[in-house]
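Undergrad: Produce the entire structure from the sequences given, and follow the hints as far as they go.
There are 2 protein chains.
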Amino acid sequence: MADNNNRSGGNKLLYLTDKEITKGIEAMMFAYRGFTSDPDEILANYGYGRAHHRALHFIQNRENINVTELLRILAISKQSLNRVLRRLISDSFVEARPNPADRRSKLLYLTDSGKMLADELARVQMNRVRMAYRAAGNEAVIGFRQVLENLISPEYTRQEQDYD
Amino acid sequence: MADNNNRSGGNKLLYLTDKEITKGIEAMMFAYRGFTSDPDEILANYGYGRAHHRALHFIQNRENINVTELLRILAISKQSLNRVLRRLISDSFVEARPNPADRRSKLLYLTDSGKMLADELARVQMNRVRMAYRAAGNEAVIGFRQVLENLISPEYTRQEQDYD
DNA sequence: AATTTAAGTCAACAATGCTTACTTATTTTT
DNA sequence: AAAAATAAGTAAGCATTGTTGACTTAAATT
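Protein sequence lines correspond, in order, to chains A and B. Residues in the first sequence are numbered consecutively from 107, following our numbering. Residues in the second sequence are numbered consecutively from 107, following our numbering.
Wrong hints could be hidden among the right ones.
Any copy, or any two copies together, can satisfy a pair, since identical chains are not distinguished.
What the hints assert, rightly or not - With a Cα cut of at most 27 angstroms, we get these calculated BS3-like pairs of lysine-lysine:
no. : residue 1 : residue 2
1   : K212      : K129
2   : K221      : K125
3   : K184      : K212
4   : K184      : K221
5   : K125      : K212
6   : K221      : K129
7   : K129      : K184
What the hints contain is simulated information worked out from the structure, not anything from laboratory work.
TA: Listed below in structure tokens is the structure:
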């Protein structure tokens with residue numbers, strides 16, 4: 107507690123004892139559990155899991171996304187994604203339409219009910235993040251995002267650039 | 107970018123557009139993947155997964171922990187934990203010794219090779235976190251931790267208090 | 001003596017990841 | 001025009017990690 111007063115903001119490397127890093131690691135674990143907990147509850151009603159959520163999320167947030175691009179973002183095997191997509195399509199949450207510009211490729215879209223589900227999932231997750239942000243304040247949010255960006259493996263940072 | 111200059115640190119609620127929150131959500135997803143990627147590679151050599159890592163972590167970082175307490179922290183079913191513990195014990199990474207004070211309960215300890223494995227996992231994960239912290243700076247780290255704490259579900263915050 | 005607690009186990013099931021191998025359709029390259 | 005590459009899908013099989021319900025054993029508590 108007493109040590110926490112050093113907010114010089116300089117490049118001094120404090121707080122980097124093993125104990126402090128370990129606390130950060132545990133906070134990350136527990137926070138991620140909280141982060142996914144609200145969507146998880148909703149998904150359970152459909153027999154879905156986080157893979158379905160991730161697919162819905164990126165179909166919702168990347169316009170005209172195709173399967174290859176979704177595979178690249180999620181960094182999972184074609185089989186894993188296909189299993190998830192097949193169910194989302196047969197449950198009429200997602201629609202796959204051939205891309206006119208390249209008819210090998212299929213573009214993925216949310217149906218009306220897919221939009222409703224994706225919106226519901228996004229809403230509860232955004233609510234938690236929004237409240238966490240508000241309670242922490244603007245400066246904290248900036249720091250949070252900086253540390254997160256630094257944790258991302260460089261081979262995946264490309265994913266972020268096309269989204270704005 | 108130009109908007110990012112507001113660092114008043116007050117309680118003004120900016121940056122809280124849906125788009126900004128969505129970016130935070132995606133950053134959290136990608137960051138968590140980076141956060142686990144280095145341990146994941148090591149675990150694969152043993153045919154282990156993240157559940158084994160989490161068990162090793164808390165046996166390493168909570169002195170004289172028993173099964174019930176580990177169950178409470180991990181918040182998984184007894185069966186899931188038991189399956190993981192059984193393998194860790196049969197592979198001689200973990201030892202379960204009856205608690206002299208209550209012989210129903212078993213205390214969990216790392217063996218010498220368990221310590222080596224847990225240390226190796228912790229080392230690579232701490233390295234990534236440490237580098238992310240250093241690159242972001244002290245203020246950012248404080249903000250990062252504040253937001254993480256706010257993301258944790260209240261029913262699990264108790265877990266953190268006994269660790270210091 | 002009866003109840004509760006801690007730990008462990010069995011069986012069955014599901015979501016989510018993997019690999020290897022193959023097919024089909026389409027586009028691009030040679 | 002033929003060959004090669006790409007996008008998508010599928011089949012079979014396997015492992016990890018989570019679930020539930022039911023049951024046992026041993027020890028502590030009431």
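Undergrad: Decide, hint by hint, whether the structure agrees.
TA: Each hint tested on the structure:
Taking the closest pair of Cα atoms, K212 and K129 come within 27 angstroms of each other only across two copies (25 angstroms); inside a single copy the shortest separation is 45 angstroms, beyond that limit. Taking the shortest alpha-carbon separations for K221 and K125, only the inter-copy value of 16 angstroms comes in at or below 27 angstroms, while the best intra-copy value is 44 angstroms. Proximity of K184 and K212 under a CA criterion of 27 angstroms is satisfied intra-copy only: 14 angstroms inside one chain copy versus 43 angstroms between copies. In this assembly of identical chains, the alpha carbons of K184 and K221 lie at most 27 angstroms apart only when taken from the same copy (24 angstroms versus 37 angstroms across copies).
Taking identical chains as interchangeable, the C-alpha atoms of K125 and K212 lie at most 27 angstroms apart only when they sit on different chains, with a minimum of 26 angstroms there against 49 angstroms within one chain. In this homomeric assembly, K221 and K129 come within 27 angstroms of each other (Cα to Cα) only across copies, at 19 angstroms, whereas the closest approach inside a single copy is 38 angstroms. Taking the closest pair of Cα atoms, K129 and K184 come within 27 angstroms of each other only across two copies (25 angstroms); inside a single copy the shortest separation is 36 angstroms, beyond that limit.
Of the hints listed earlier, there is not a single one the structure fails to meet.
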